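4 protein chains.
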Amino acid sequence: MQTGIVGLGRMGGNMAARWRDRGHEVIGYSRTSPDRDVNSLEELVGKLAAPRVVWLMLPAGDPTRQAIRRLAELLSPGDVVVEGGNSRFSDDAEHAGTLAERGIGYVDCGVSGGIWGRENGYAVMCGGADEHVRRVWPLLEALAPEEDGICHAGPVGAGHYTKMVHNGIEYGMMQALAEGYELLEASEYVPDVPKVLASWRHGTVVRSWLLDLLVRALEQDSALSGLSGRVDDSGEGRWTVEEAVRLAVSAPAMTAALFARFASREPDAAQLRALAAMRQQFGGHAVHAVHAVHAVTGVSAGSA
Amino acid sequence: MQTGIVGLGRMGGNMAARWRDRGHEVIGYSRTSPDRDVNSLEELVGKLAAPRVVWLMLPAGDPTRQAIRRLAELLSPGDVVVEGGNSRFSDDAEHAGTLAERGIGYVDCGVSGGIWGRENGYAVMCGGADEHVRRVWPLLEALAPEEDGICHAGPVGAGHYTKMVHNGIEYGMMQALAEGYELLEASEYVPDVPKVLASWRHGTVVRSWLLDLLVRALEQDSALSGLSGRVDDSGEGRWTVEEAVRLAVSAPAMTAALFARFASREPDAAQLRALAAMRQQFGGHAVHAVHAVHAVTGVSAGSA
Amino acid sequence: MQTGIVGLGRMGGNMAARWRDRGHEVIGYSRTSPDRDVNSLEELVGKLAAPRVVWLMLPAGDPTRQAIRRLAELLSPGDVVVEGGNSRFSDDAEHAGTLAERGIGYVDCGVSGGIWGRENGYAVMCGGADEHVRRVWPLLEALAPEEDGICHAGPVGAGHYTKMVHNGIEYGMMQALAEGYELLEASEYVPDVPKVLASWRHGTVVRSWLLDLLVRALEQDSALSGLSGRVDDSGEGRWTVEEAVRLAVSAPAMTAALFARFASREPDAAQLRALAAMRQQFGGHAVHAVHAVHAVTGVSAGSA
Amino acid sequence: MQTGIVGLGRMGGNMAARWRDRGHEVIGYSRTSPDRDVNSLEELVGKLAAPRVVWLMLPAGDPTRQAIRRLAELLSPGDVVVEGGNSRFSDDAEHAGTLAERGIGYVDCGVSGGIWGRENGYAVMCGGADEHVRRVWPLLEALAPEEDGICHAGPVGAGHYTKMVHNGIEYGMMQALAEGYELLEASEYVPDVPKVLASWRHGTVVRSWLLDLLVRALEQDSALSGLSGRVDDSGEGRWTVEEAVRLAVSAPAMTAALFARFASREPDAAQLRALAAMRQQFGGHAVHAVHAVHAVTGVSAGSA
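Residue numbers (our numbering), protein chains in the order written: chain A, 1 to 304; chain B, 1 to 304; chain C, 1 to 304; chain D, 1 to 304.
Honestly, the hints are just simulated from the structure, not real lab data. Careful: at least some of the hints might be erroneous.
Below, computed lysine to aspartate or glutamate pairings styled on EDC-like, alpha-carbon distance capped at 16 Å [what the hints assert, rightly or not]:
1) A/K47 - A/E25
2) C/K47 - C/E25
3) B/K195 - A/E25
4) C/K195 - C/D232
5) D/K47 - D/E25
6) D/K195 - C/D148
7) A/K195 - A/E185
8) B/K195 - B/E219
9) C/K195 - C/D221
10) C/K195 - D/D148
11) D/K195 - D/E185
12) A/K47 - A/D37
13) C/K195 - C/E185
14) A/K195 - B/E147
15) B/K195 - B/E185
16) D/K47 - D/D37
17) A/K195 - B/D148
18) B/K195 - A/D148
19) C/K195 - D/E147
20) C/K47 - C/D37
21) D/K195 - C/E146
22) D/K195 - D/E219
23) D/K195 - D/D212
24) C/K195 - D/E146
25) A/K195 - A/D221
26) B/K47 - B/D62
27) A/K195 - A/D212
28) B/K195 - B/D212
29) D/K195 - D/D221
30) B/K195 - B/D232
31) D/K195 - C/E147
32) B/K195 - A/E147
33) C/K195 - C/D212
Just so we're clear, the structure is a prediction, and the values are computed from it rather than from any experiment.
Please model the complete structure; the sequences and the hints are all you need to start from.
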């Protein structure tokens, strides 16, 4: 089938290529990409035959919101917009409402798979009305590795909601693997950690795609010595914790994973200096002055 | 090859069966199993041709310790004992020492795979001297799904150490999946949670054997309504946290998983009653008397 | 000075009494309290001499919002409204804006002290313009145990923000004390836990008002046996975690405290049943059927 | 009364001074301190009149163990040794046993108060037989700020056990305060954080000695800018977590505090590099190379 795509970054570009590989006609627009086929949203809409499908792969927040407002003006009743970027699930109702006023359908679609997706396929989780999801189904089928990997999770918002929870789980799993990796590295028992992890791909309880990726990274850099310890986070991890708070669901593993990333980016965080300050006050504990090497703690003063 | 096995419980019995399926001669002993082939350790040792291999699958701690002491008396120099049970890695040096005094070799072997192992193969992580591991290699090959799944992780203790860390990771991954499951169940966006999880087996970042198992459980009981919320733990999760403490490795996800299980078994834990008591003291907050239904908290008193 | 107060619940009623004890003229209104002096907001405003002060002690959210909208109609330029309830700090700008359109001032004031405040004084943290805070200063002085206990923390919102963080700290401190209490209760070393805690009030690093309260609770019920383990939470704990997420601040102790309360209210939470389900699938672990007594776990299956 | 003291570091020296101030006769020995009164354990024992009291303030582990073995040889039946250092509670039974073989009594005594103790008094928690605790009671009285601050917590081990749990609570409380401090510092609402914390000393729920110390530190350095973020830990925090694991007590706040300190000392910890490695593998996420400045994450790849 024919689709427009707005946003030709790493994800959007690969998805467009995968669609084309599978016989779909894709017209791409991006403000900045040299790979674009048209030079404006207007031109994009003009080149698509009604009823149209326009798939958005833009940064969440204002860029997506503005594109949807403009498309509400340009598209016609019966067209469908798919928000395939990383919108917060709570924005989807607004997006759908903006389009529904003009009779335009809306599907929110969480897409997972990273740079492997073009070749291996993407996981696809979408939300929206049945008729709108049905309209875009051939595009979903072309993205997914197999039809069972497409999930119509519920009404508008359900796609991004489901993707968000997926990413929260991913945070927790990655953190668990990372902690295990550090324990093996720290232990005197295990001389060759990459070998152990590689063996775990076969028959263990922890076999998983994330383990495969960690093994692959260790094949390329056996001590991960080329990387720093600063770890970014994207919105989904934060939103998952916010949802846990809203729904009164205890989510300590996911939250631990998020906080570990926060802490990784603040080696002299205010909270750590506050701890050092209190220790210094009550105990005369040796503390580490700025830039000092790790001082000997010396005689304990009965507290910690 | 020929091996003796001591302990014919769920794990030992399945392993013996898998060995026999693959052409090995297995002589089994258990104090209690009707499947035993001999009636005593003495008889077991007598039936094995030197140099012998005896594989232990007994509960960790005293049962394993006693069996090793007795085998040190019964076996001969050149024989090898494999401790395939769940010994704490720190016990392995003692076990190896007891046997080494008599010239008997020792291999510690962590075996993972649960009830699926008999058919699909077990992950096998072992520790010990090369010559001892080589002696028992055909048995390891028969257990593993493929040769890459066997890991000679290091010296004596490394097998159980590696298995322990594996299980710690498993705790963290399970907790992450469980938190995500509860979020989906609690949300108003997702009407059919099992369907979402089933779709995640294809192309997502969280695809894993544990996800497969959760999907399978939901196929059998779509709301898991037949299960209670009490979750046991086995030793490895605790030992992993102890190791994190010993090695000064931050392990919040693994520890969160362990503590969630602890808390699940104490619905009226002393700490919770202490929280309720403090709230009652400072705020006149409504608290829940024993067996009371969930009271309305009423007017806030400025604290929490 | 003269003030109106709207809301005569536990907090509002005690604060009104404390003001009167200290010579202020208080006119109280509440929809439901028999202690009210007037029968409507209109009557309240009519009885106050301009420039008026009206202090709100209503539940956060809609009740407070509606009262402020009505007061914006009833009051006159130069009057000041104090929001002394538990509004989320992010609502204060809206409240202040509603009133500012009519030339009415706004002070947000976090008040802490629980049922002890009437006698011992309240901690008072407020936000707003200097001129508005100055106007109500005599009321703040009458609430606080001493003038140093009044904090003008910053612009509109700063009072509730500061109170929110205070409550987040309180959550963490309470959780730490509660964990320690349970450890002492669980240990075989400490026959008389209340005695130990009572002694800690003198000279220890953990001496604190919360410790005093726990000691007091134990004086009344030495094993806290009259309380259940269900612990409620109020909004501030949740908002603090949301702020930590927004500001990318790692806050594991506060969050642990919040999640412990969430978990306390769901003894058969979906996440726990999911853990049990995974264990059952991979290991044939004994799990606890609904309402079953704690079963023996039996033979281990190599995983956890 | 008369006592010997072994170990004249910061704690031992201050305690000796406090005893002398209150009229006790103190004979001090230390291998290294210029303040020592005698030059050997032998000389110390020789100068004390039977029945003797010898109070140890040495580093835990081997130094304490060796001193006790030597004192078992030098002292006489009826003498009492007090272990006032930071021994792990589980070592006390061994220490007591070594001395009991010679008819010598043993009291384990946790002492808390830091550098403030000399002037303000120490919290004193001890374990041992009644007769032995009674013998040393005048020394305990001289240490404590008032008699209610002395706690005979239970049998041998109970003093150090209680002190350990005290320190675990202290870790949790400090972490809660530190998190709150960082939130206030990070927020746009609070221009003067030290002022807010100072006000909290009056009437709040979080008023505590640790808050007092943090306020004092901020008086000396209003942004804590002279301190680095590396925070050491002493044994008690680790032991508390180990006990929580042993006793199956969920202790997330205490553990979070310990792990925050661990993480503070490893800015490029292996687990963080593992997280970065996995992100790089699956998403082509921008990651931070060693020593690189904080790169822009750029276009998201659908995962986190």
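To see whether the hints hold, each was checked on the structure:
no.: 1; hint: A/K47 - A/E25; result: holds, 11 Å
no.: 2; hint: C/K47 - C/E25; result: holds, 11 Å
no.: 3; hint: B/K195 - A/E25; result: violated, 31 Å
no.: 4; hint: C/K195 - C/D232; result: violated, 28 Å
no.: 5; hint: D/K47 - D/E25; result: holds, 11 Å
no.: 6; hint: D/K195 - C/D148; result: holds, 10 Å
no.: 7; hint: A/K195 - A/E185; result: holds, 12 Å
no.: 8; hint: B/K195 - B/E219; result: holds, 9 Å
no.: 9; hint: C/K195 - C/D221; result: holds, 13 Å
no.: 10; hint: C/K195 - D/D148; result: holds, 10 Å
no.: 11; hint: D/K195 - D/E185; result: holds, 12 Å
no.: 12; hint: A/K47 - A/D37; result: holds, 10 Å
no.: 13; hint: C/K195 - C/E185; result: holds, 12 Å
no.: 14; hint: A/K195 - B/E147; result: holds, 13 Å
no.: 15; hint: B/K195 - B/E185; result: holds, 12 Å
no.: 16; hint: D/K47 - D/D37; result: holds, 10 Å
no.: 17; hint: A/K195 - B/D148; result: holds, 10 Å
no.: 18; hint: B/K195 - A/D148; result: holds, 10 Å
no.: 19; hint: C/K195 - D/E147; result: holds, 13 Å
no.: 20; hint: C/K47 - C/D37; result: holds, 10 Å
no.: 21; hint: D/K195 - C/E146; result: holds, 15 Å
no.: 22; hint: D/K195 - D/E219; result: holds, 9 Å
no.: 23; hint: D/K195 - D/D212; result: holds, 12 Å
no.: 24; hint: C/K195 - D/E146; result: holds, 15 Å
no.: 25; hint: A/K195 - A/D221; result: holds, 13 Å
no.: 26; hint: B/K47 - B/D62; result: violated, 25 Å
no.: 27; hint: A/K195 - A/D212; result: holds, 12 Å
no.: 28; hint: B/K195 - B/D212; result: holds, 12 Å
no.: 29; hint: D/K195 - D/D221; result: holds, 13 Å
no.: 30; hint: B/K195 - B/D232; result: violated, 28 Å
no.: 31; hint: D/K195 - C/E147; result: holds, 13 Å
no.: 32; hint: B/K195 - A/E147; result: holds, 13 Å
no.: 33; hint: C/K195 - C/D212; result: holds, 12 Å
Hint check: violations occur at hints 3, 4, 26, 30; the rest are consistent with the structure.
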